[in-house]
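J.: Protein chains in written order, with the numbering used here: chain E, 1 to 303; chain W, 1 to 249.
These are calculated hints, taken from the structure and not from any lab test. Fair warning: this is a prediction, and the values are worked out from it, not measured in the lab. Among the hints, erroneous ones may be present.
With a cut-off of at most 20 Å between alpha-carbon atoms, the simulated PhoX-like pairs for lysine-lysine come out as follows [as the list claims (entries may be wrong)]:
#	chain 1	residue 1	chain 2	residue 2
1	E	Lys-277	W	Lys-46
2	W	Lys-71	E	Lys-277
3	E	Lys-179	E	Lys-87
4	W	Lys-71	E	Lys-203
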Amino acid sequence: MVDTRVVLSGITLDNPVIPASGTFGFGREFAELYDINCLGTFSFKGTTKDPRFGNPTPRIAECSMGMINSVGLQNPGVEHVVNHELKELKEYFSKPVMANVSGFSIDEYVYTCQKINDAEQVGWIEVNISCPNVHGGGMSFGTTPEAAAEVTKAVKAVTTKPVYIKLSPNVADIASVAKACEDAGADGISLINTLLGMRIDLKTKKCVVANKMGGFSGPAIFPVAVRMVYQVYEAVKIPVIGMGGVSSADDVIEMMLAGATAVQVGAANLVNPFACKEIIETLPTAMKKYGIEKLSDIIGGAH
Amino acid sequence: MLIEEKYIQEFFTVDKNENIAGDVYEMHLLGNTSAITKPGQFVNIKVDGFYLRRPISVCDYDSEGLTLIYKVVGNGTEVMSKIEKCAVLDLLVGLGNGFDTSKSGDRPLLIGGGMGVAPMYNLCKKLIAEGKKPIVVNGFNSAKDVYYENEFKALGAEVYITTADGTNGTKGFVTDVTKNLDYTYFYTCGPMPMFKAVEATAKTSGQFSFEERMGCGFGACMGCSCETKYGNKRICKDGPVLEREEIIW
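If we strip away everything but chain E, and leave its shape as in the complex, we get (with noise of 0.2 Å):
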């Protein structure tokens, strides 16, 4: 028997496969088609303090072995999130959740933080300061070392829950975000969030999506992020969350090697909603071919 549990900030997960936040809402739509307790945990559909409609359609954007969107963070607010959702997921979700929060303004991300922290299922808050989505929003703080060390020092403040920065790759030293990020107190790190990409529609000769740019996410940024999280493991000591593509049970092994404590698994869930399932039950014949008995052993084989 190979042995898939990692540990998270004192919590242990019974494989470290997750499902990232904005490809899975709240569970709900996967609940419909399996049993999601066989999941590690899951990252919840991206909260701010109010409500939010997002960005105008068309959002979506098929690309090379990947997708733009643009749904810029609609979620029903922080209230609905506790009272509704969390309420929901209790009847199909039993381990500790993954809380994705965003905000416009330090008070925002405080406000949602604190709400948050409060819910019992909550197990880690992940703090997205890379949404690049929204104008004048998350994009400012993930792009700063200062900026992203205000942030996790403002909601470090307000939570007693592990605290996970979700950093945006569209920046030119990681590195020092991520550093900044420890330093200022983050439990751990989230990497990479998606790209910012544009396609444009050759018969309307118009961007594809409404708001024109978009995040690129998908199999095709897999190399980026396998990248981007090696040289974050380099740079800190708290945990690595490593996503951005991930697709198969070797994509998971890979990204361990790089240096990440646990998988995220974004894109692929909307192409196929059994990914994670079928990533999970793949996974110990994964380990097996590539001589892995304990899979916390190879977090950061590669370095």
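Got chain E; can you put chain W on it based on the hints?
T.: Then chain W, alone, in the frame of chain E:
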């Protein structure tokens, strides 16, 4: 715990894939259709070489298979049109809310425009099976684009065709015919300009089936959201059918 099953992933075998008009193709697939509960639902098809699935509305279905009608509009549908008999396709089945036939009254009006004619077929069949007398008005650009005229007539419906250039049926748009009809309720699927004309002239309540660029097709990504009078809805999950009263134009 598993939530009450609603949609499923299934492999289907292509039984037929033929050009039936202009760039329009009819594909018949054999497989498990148990997740389809209403006319107006759709499937999401994985096409080799493309990352995202292709959402296509169900034209007709029975216990053994389903029929899709699609138009070649881009690279994905181009590849679809070349799929041969016996090929096996990965489908998500039973997506979307579909039409509610309980509100139709005795004489419902079905208005299809272009590819929007396809989902009207199973709806028409179901309404007739319920003992209602549907009137069907299908609009196309030109005679070469017309499909399923005889199929609708064979169901026993009262059928009108309109073409923008007058090469088949009434010259003009669907509303040039519907304005002279009496009906108890309406169902429609088609392009946005047609929807606006239908909205402007409709005499009763009704249901509109919308189209939007989708990511997942099953409610997870929020890629196809729209605002309605009753709050935000996902076209793929809470739609594609919306009631006239809730739509913000």
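J.: It remains to establish, for every hint, whether it holds in the given structure.
T.: Now the hints, each set against the structure:
Restraint check: the Cα-Cα separation between Lys-277(E) and Lys-46(W) comes to about 19 Å, which is no more than 20 Å; the hinted pair holds. For the hint linking Lys-71(W) to Lys-277(E), the alpha-carbon distance of about 34 Å lies beyond 20 Å, and the restraint is violated. With a C-alpha separation of about 36 Å, the suggested pairing of Lys-179(E) with Lys-87(E) is violated against the 20 Å cut-off. Among the hinted pairs, Lys-71(W) with Lys-203(E) is consistent with the structure: their alpha-carbon atoms are about 16 Å apart, no more than 20 Å.
Checked against the numbered hints above, the structure breaks hints 2 and 3 and satisfies the rest.
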